[in-house]
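Chains as they are written, first to last, in my numbering: chain D, 1 to 494; chain W, 495 to 907.
Treat each hint with caution, since some may be false.
To be verified - The following residues of chain W were derived to be distant from chain D, with all beta-carbon distances above 12 Å:
{"no.": "1", "residue": "S620"}
{"no.": "2", "residue": "G626"}
{"no.": "3", "residue": "Q676"}
{"no.": "4", "residue": "V757"}
{"no.": "5", "residue": "H786"}
{"no.": "6", "residue": "D868"}
{"no.": "7", "residue": "Y883"}
{"no.": "8", "residue": "G885"}
To be verified - Within a straight-line C-alpha distance of at most 25 Å, the following computed SDA-like cross-link-like pairs (lysine to any residue) qualify:
{"no.": "9", "chain 1": "D", "residue 1": "K164", "chain 2": "W", "residue 2": "P724"}
{"no.": "10", "chain 1": "D", "residue 1": "K193", "chain 2": "W", "residue 2": "E598"}
{"no.": "11", "chain 1": "D", "residue 1": "K193", "chain 2": "W", "residue 2": "D633"}
{"no.": "12", "chain 1": "D", "residue 1": "K91", "chain 2": "D", "residue 2": "R79"}
{"no.": "13", "chain 1": "W", "residue 1": "K625", "chain 2": "D", "residue 2": "K283"}
{"no.": "14", "chain 1": "D", "residue 1": "K283", "chain 2": "W", "residue 2": "L634"}
{"no.": "15", "chain 1": "D", "residue 1": "K117", "chain 2": "W", "residue 2": "E748"}
{"no.": "16", "chain 1": "D", "residue 1": "K89", "chain 2": "D", "residue 2": "Q413"}
{"no.": "17", "chain 1": "D", "residue 1": "K415", "chain 2": "D", "residue 2": "I82"}
{"no.": "18", "chain 1": "D", "residue 1": "K117", "chain 2": "W", "residue 2": "P724"}
{"no.": "19", "chain 1": "D", "residue 1": "K117", "chain 2": "W", "residue 2": "R635"}
{"no.": "20", "chain 1": "W", "residue 1": "K625", "chain 2": "D", "residue 2": "L221"}
What the hints assert, rightly or not - Derived DEER-like restraints, expressed as beta-carbon distance ranges:
{"no.": "21", "chain 1": "W", "residue 1": "G657", "chain 2": "D", "residue 2": "D389", "range": "54 to 60 Å"}
{"no.": "22", "chain 1": "D", "residue 1": "K401", "chain 2": "W", "residue 2": "L634", "range": "50 to 56 Å"}
{"no.": "23", "chain 1": "D", "residue 1": "R372", "chain 2": "W", "residue 2": "G849", "range": "47 to 53 Å"}
{"no.": "24", "chain 1": "D", "residue 1": "S360", "chain 2": "W", "residue 2": "Y883", "range": "31 to 37 Å"}
{"no.": "25", "chain 1": "D", "residue 1": "A412", "chain 2": "W", "residue 2": "D633", "range": "53 to 59 Å"}
{"no.": "26", "chain 1": "W", "residue 1": "K622", "chain 2": "D", "residue 2": "D85", "range": "54 to 60 Å"}
{"no.": "27", "chain 1": "D", "residue 1": "S423", "chain 2": "W", "residue 2": "T848", "range": "30 to 36 Å"}
{"no.": "28", "chain 1": "D", "residue 1": "T55", "chain 2": "W", "residue 2": "Y883", "range": "40 to 46 Å"}
{"no.": "29", "chain 1": "W", "residue 1": "P724", "chain 2": "D", "residue 2": "G134", "range": "47 to 53 Å"}
Since the hints were derived computationally from the structure, they do not count as laboratory data.
Given the structure is predicted, the values throughout are model-derived calculations rather than measurements.
Where a beta carbon is used, it is the ideal one built from N, C-alpha and C, also for glycine.
What follows is each chain in one-letter form.
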Amino acid sequence: MALSRLASSSSSSSRFADLLKPLCSAISLRRPISTDTTPITVETSVPFTSHQCDTPSRSVQTNAKELLTFFRDMALMRRMEIAADSLYKAKLIRGFCHLYDGQEAVAVGMEAAITKKDCIITAYRDHCTFVARGGTLLEVFAELMGRQAGCSRGKGGSMHFYKKDSNFYGGHGIVGAQVPLGCGLAFAQKYSKDEAVTFALYGDGAANQGQLFEALNISALWDLPAILVCENNHYGMGTAEWRASKSPAYYKRGDYAPGLKVDGMDALAVKQACTFAKEHALKNGPIVSVNLPHQLEKTLVFFITHFSVYVNCVIFLMPKAHQATEYNTLLEYCACFKLFYILEMDTYRYHGHSMSDPGSTYRTRDEITGVRQERDPVERIRKLILSHDLATEKELKDIEKEIRKEVDDAIAQAKENPLPESSELFTNVYAKGLGVEVYHQNHGSEYTGGHERSFGADRKEANFISFDPTHTVKKPCENHETAEVERKSPAFTG
Amino acid sequence: MAATFHGVGATVAALSSSSSPSNSFGSKKLLSSPSRSFSVRKRASFTVVRSDGSVNFDLNSKGRRAQQLIANAVATKADSSPVSSSSKPGHELLLFEALREGLEEEMERDPRVCVMGEDVGHYGGSYKVTKGLATKFGDLRVLDTPIAENSFTGMGIGAAMTGLRPVVEGMNMGFLLLAFNQISNNCGMLHYTSGGQFTIPIVIRGPGGVGRQLGAEHSQRLESYFQSIPGIQMVACSTPYNAKGLMKAAIRSENPVILFEHVLLYNLKERIPDEDYICNLEEAEMVRPGEHVTILTYSRMRYHVMQAAKTLVNKGYDPEVIDIRSLKPFDLYTIGNSVKKTHRVLIVEECMRTGGIGASLTAAITENFNDYLDAPITCLSSQDVPTPYAGTLEEWTVVQPAQIVTAVEQLCQ
Chain D
1 MALSRLASSS
11 SSSSRFADLL
21 KPLCSAISLR
31 RPISTDTTPI
41 TVETSVPFTS
51 HQCDTPSRSV
61 QTNAKELLTF
71 FRDMALMRRM
81 EIAADSLYKA
91 KLIRGFCHLY
101 DGQEAVAVGM
111 EAAITKKDCI
121 ITAYRDHCTF
131 VARGGTLLEV
141 FAELMGRQAG
151 CSRGKGGSMH
161 FYKKDSNFYG
171 GHGIVGAQVP
181 LGCGLAFAQK
191 YSKDEAVTFA
201 LYGDGAANQG
211 QLFEALNISA
221 LWDLPAILVC
231 ENNHYGMGTA
241 EWRASKSPAY
251 YKRGDYAPGL
261 KVDGMDALAV
271 KQACTFAKEH
281 ALKNGPIVSV
291 NLPHQLEKTL
301 VFFITHFSVY
311 VNCVIFLMPK
321 AHQATEYNTL
331 LEYCACFKLF
341 YILEMDTYRY
351 HGHSMSDPGS
361 TYRTRDEITG
371 VRQERDPVER
381 IRKLILSHDL
391 ATEKELKDIE
401 KEIRKEVDDA
411 IAQAKENPLP
421 ESSELFTNVY
431 AKGLGVEVYH
441 QNHGSEYTGG
451 HERSFGADRK
461 EANFISFDPT
471 HTVKKPCENH
481 ETAEVERKSP
491 AFTG
Chain W
495 MAATFHGVGA
505 TVAALSSSSS
515 PSNSFGSKKL
525 LSSPSRSFSV
535 RKRASFTVVR
545 SDGSVNFDLN
555 SKGRRAQQLI
565 ANAVATKADS
575 SPVSSSSKPG
585 HELLLFEALR
595 EGLEEEMERD
605 PRVCVMGEDV
615 GHYGGSYKVT
625 KGLATKFGDL
635 RVLDTPIAEN
645 SFTGMGIGAA
655 MTGLRPVVEG
665 MNMGFLLLAF
675 NQISNNCGML
685 HYTSGGQFTI
695 PIVIRGPGGV
705 GRQLGAEHSQ
715 RLESYFQSIP
725 GIQMVACSTP
735 YNAKGLMKAA
745 IRSENPVILF
755 EHVLLYNLKE
765 RIPDEDYICN
775 LEEAEMVRPG
785 EHVTILTYSR
795 MRYHVMQAAK
805 TLVNKGYDPE
815 VIDIRSLKPF
825 DLYTIGNSVK
835 KTHRVLIVEE
845 CMRTGGIGAS
855 LTAAITENFN
865 DYLDAPITCL
875 SSQDVPTPYA
885 GTLEEWTVVQ
895 PAQIVTAVEQ
905 LCQ
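From just these sequences and the hints, can you work out the full model?
Right under this line is the structure:
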């Protein structure tokens with residue numbers, strides 16, 4: 001015990017801690033639970049509700065390893081968001097900061113159902129989704145604090161987290177604009193025959209955006225492997241869903257597109273729904289028409305419904321005198337297996353919309369505590385783990401302590417990280433080396449500190465004419481000449 | 495003339511990288527060293543504006559031929575001398591065909607290039623730029639979208655994030671106002687806000703500008719609205735030669751490029767080289783070298799300027815006409831050299847006076863070359879009014895050759 005505390009408190013020598021770790025585990029006699037993959041079946045808390053399709057089963061297959069991973073990941077996300085809250089209040093994070101605590105189950109459950117080949121795109125409440133996709137805590141905190149080690153080199157901020165190598169496409173500030181982008185990702189997947197899907201996440205506030213329906217139409221029309229996920233936390237900033245939407249049944253809004261309503265606070269339900277949606281989104285079988293005797297049709301439909309994973313191609317044989325109406329009905333029925341789903345995740349955020357929103361002017365504190373007591377995703381998994389005897393209370397507390405430390409370490413590391421160089425202002429405006437090359441003038445001077453100075457693309461001429469390489473650069477406003485140079489070369493620092 | 499043009503073609507071909515798909519380095523070289531290539535390019539980039547198939551405006555010859563004036567900017571008559579085309583190198587085509595050729599060649603060259611827009615597929619494009627492409631490349635590469643600019647532009651950008659190279663067509667540039675959010679925030683800024691993780695190699699193109707009594711909403715000049723968006727490049731084509739070249743360069747560029755075409759220029763005819771060539775995206779085109787005044791223009795106004803140039807030459811002036819082509823960023827190198835030579839600048843544009851390309855260009859030139867100017871920069875732009883429907887009113891909205899002549903005379907006093 002003492003040794004473990006020692007290990008966790010020594011932040012300076014990680015090797016010391018590493019040496020102590022096996023000792024600690026030996027001392028605490030931890031059971032080897034983390035790699036146990038014997039299947040456990042768990043019932044989801046609430047049944048699924050569907051629109052234009054069948055619901056997936058309420059029984060979810062999981063195992064100890066997965067449940068503990070869920071617990072760890074969600075606890076990490078929770079801790080990270082709360083730490084971000086403190087950092088914001090300490091003015092280390094500025095601007096907008098939208099926190100995801102309460103909604104962790106969506107990110108974690110989705111990640112469990114898919115691979116890194118599948119794409120995820122979301123809006124500005126993206127910290128946890130980024131972590132779920134493989135982002136590190138350092139990248140998160142450094143980006144939030146605008147440091148070089150941030151995932152977007154400090155140039156994006158809270159709303160612009162991206163991770164290209166694990167197909168996480170962000171991170172978008174304008175409400176709803178990511179949905180067409182997501183359908184574009186799905187289009188690219190179809191174009192390149194990737195056999196992967198795209199999950200385009202949006203909120204209940206964005207559900208009223210026209211571009212969403214436009215994208216929905218195109219995706220359904222072109223058979224794109226897109227799954228639109230509405231993270232319904234019931235409040236679009238300060239406006240409750242019943243005040244913004246005539247029909248808050250967001251899963252039904254697809255009309256012809258099948259929809260599923262999922263308890264977004266239950267990671268296993270989210271996982272089940274995403275698996276279900278992904279399977280169906282990838283299926284594309286050629287359908288040639290038929291007219292079957294009624295019994296046979298029923299059997300076939302049953303078969304398709306329940307063994308849809310294995311059905312790649314549905315071939316119907318059509319005798320000459322077929323009934324057009326029956327054919328169309330069957331086709332419609334089968335169409336729901338083709339693709340394109342809308343998932344509505346019924347979830348909740350504990351914080352306000354962002355750090356500038358206390359979150360209590362439009363909802364009662366009782367409501368928030370009520371949800372926290374009854375539906376908290378981390379607690380649910382904790383109870384599951386304890387009830388299935390997969391770990392002790394203490395072990396889970398230790399995991400949480402570990403996480404706390406990890407988060408604190410990452411914050412410390414991020415604080416040490418430097419702010420971006422001034423030349424970073426002009427990098428990545430255009431793709432480097434192609435077309436518009438930002439002109440770099442490598443001149444050390446006392447107030448640029450020897451760093452590269454960059455000029456905007458159409459100030460190329462400024463370097464040829466007004467900037468004399470032999471000209472000694474003085475402090476600004478010391479004389480007219482320098483001021484003139486400064487005017488022409490606005491990238492001067494200092 | 496034919497020989498000269500052949501030389502042009504050869505130079506261009508030699509300059510431009512080989513047409514193999516893996517020539518990105520070659521094109522990078524071409525694109526990233528405008529100063530080096532420019533000297534050769536100067537010789538190469540004639541304006542052989544052949545409307546009605548009869549004008550060959552050779553810049554290097556000493557004697558100026560009497561040329562047939564381009565009475566209006568739209569050449570609609572078919573080439574009257576089909577016999578001559580077979581003996582000369584290159585092939586003659588109309589501007590929209592040149593665009594199509596460029597697009598087709600790029601689609602053949604790179605399977606990632608796809609086209610999306612309204613009626614680009616089965617219908618063949620409202621200005622026939624994409625005619626025949628859907629039958630050739632299929633429905634997945636030439637996509638007919640519903641009328642939903644915001645979302646299909648967004649989809650194009652999303653696809654571009656993964657590495658596809660979509661060419662998004664706005665049926666009229668004015669419709670892209672509906673996609674402004676996607677173009678500004680996602681297209682322009684994603685490369686920056688993701689710290690360089692994503693490039694958006696998208697091309698957004700479409701016809702804009704004042705046409706023939708199309709009405710206010712269909713006569714917009716979007717270049718003035720888009721010019722502030724950081725991260726995008728804007729180019730405007732004006733001849734079949736540069737239309738094809740710019741289209742190809744835009745598709746090959748890793749940056750998002752907005753290619754502005756003009757409704758009235760689609761039927762311009764010119765003889766262009768058979769070889770694979772591209773035009774540098776950031777370079778301006780020297781249309782007519784001169785000594786007295788620099789006239790900067792682009793797109794349709796180029797033809798009004800050339801018409802005015804004829805009058806000016808008769809009156810004894812020697813204007814230097816530059817088609818700036820690259821609206822963002824400006825080719826200040828070419829422009830600068832010209833200003834240093836002539837010391838007088840006239841900008842003729844189709845944008846409105848307030849906040850147009852001319853306004854930015856005036857500011858850029860003043861900022862950088864103020865010492866070289868003998869007179870304040872004159873900027874002729876369209877009036878700050880919605881384009882009226884009536885023909886005469888519409889004529890008064892845009893700059894006419896007579897106004898250009900007057901302005902030059904005043905400038906050169």
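Tested hints:
Even its closest Cβ contact with chain D, about 19 Å, leaves W/S620 beyond 12 Å, as expected for a residue assigned away from the interface. Its beta-carbon lying about 21 Å from the closest one in chain D, W/G626 satisfies the requirement of being farther than 12 Å from that chain. Distance check on W/Q676: its Cβ comes as close as 6 Å (rounded) to a Cβ of chain D, failing to clear the 12 Å threshold; non-interface status is violated. With a closest Cβ-Cβ approach of about 26 Å to chain D, W/V757 is found to remain outside the 12 Å limit, as its non-interface label requires.
The beta carbon of W/H786 is kept farther than 12 Å from every beta carbon of chain D, the shortest such distance being approximately 22 Å. Listed as a non-interface residue, W/D868 keeps its Cβ farther than 12 Å from every Cβ of chain D; the least gap is roughly 17 Å. Even its closest Cβ contact with chain D, about 29 Å, leaves W/Y883 beyond 12 Å, as expected for a residue assigned away from the interface. With a least CB separation of 36 Å from chain D, W/G885 remains clear of the 12 Å interface cut-off, as annotated.
Of the supplied pair hints, the one linking D/K164 and W/P724 holds, its CA atoms being roughly 22 Å apart against a limit of 25 Å. Simply put, D/K193 and W/E598 have alpha-carbon atoms about 22 Å apart, close enough for the 25 Å limit, and the pair holds. Between D/K193 and W/D633, the direct Cα distance comes to roughly 15 Å. Compliance with the 25 Å bound is thereby established for this hinted pair. About 18 Å separates the Cα atoms of D/K91 and D/R79, which keeps this hinted pair within 25 Å; it holds.
Restraint check: the Cα-Cα separation between W/K625 and D/K283 comes to about 33 Å, which exceeds 25 Å; the hinted pair is violated. Proposed proximity of D/K283 and W/L634 is supported: the alpha carbons are some 18 Å apart, at most 25 Å. In summary, the hint linking D/K117 to W/E748 is supported, as the alpha carbons are separated by about 23 Å, within the 25 Å threshold. In summary, the hint linking D/K89 to D/Q413 is supported, as the alpha carbons are separated by about 19 Å, within the 25 Å threshold.
Using a Cα cut-off of 25 Å, the hinted pair D/K415 and D/I82 holds, with the two alpha carbons roughly 17 Å apart. With a CA separation close to 31 Å, the supplied pair D/K117 and W/P724 exceeds the 25 Å bound. For the given pair, D/K117 sits about 22 Å from W/R635 by alpha-carbon distance, which is consistent with the 25 Å threshold. Restraint check: the Cα-Cα separation between W/K625 and D/L221 comes to about 22 Å, which is no more than 25 Å; the hinted pair holds.
Taking 54 to 60 Å as the suggested C-beta distance range, the pair W/G657 and D/D389 does not conform, at roughly 48 Å. Roughly 53 Å separates the CB atoms of D/K401 and W/L634, a value that falls within the hinted 50 to 56 Å. The given range of 47 to 53 Å is respected by D/R372 and W/G849, whose C-beta atoms sit roughly 52 Å from each other. Range check, D/S360 to W/Y883: about 56 Å between beta-carbon atoms, so the 31 to 37 Å window is missed.
Under the hint 53 to 59 Å, the C-beta atoms of D/A412 and W/D633, about 55 Å apart, fit the expected range. Taking the beta carbon of each, W/K622 and D/D85 are about 58 Å apart, inside 54 to 60 Å as hinted. Taken as a hint, the range 30 to 36 Å holds for the pair D/S423 and W/T848, whose Cβ atoms sit roughly 34 Å apart. In this structure, D/T55 and W/Y883 break the distance hint of 40 to 46 Å, their C-beta atoms being roughly 57 Å apart.
Checked against the given bound of 47 to 53 Å, the beta carbons of W/P724 and D/G134, roughly 29 Å apart, lie outside it.
The structure does not agree with the numbered hints 3, 13, 18, 21, 24, 28, 29 stated previously, though it agrees with the rest.
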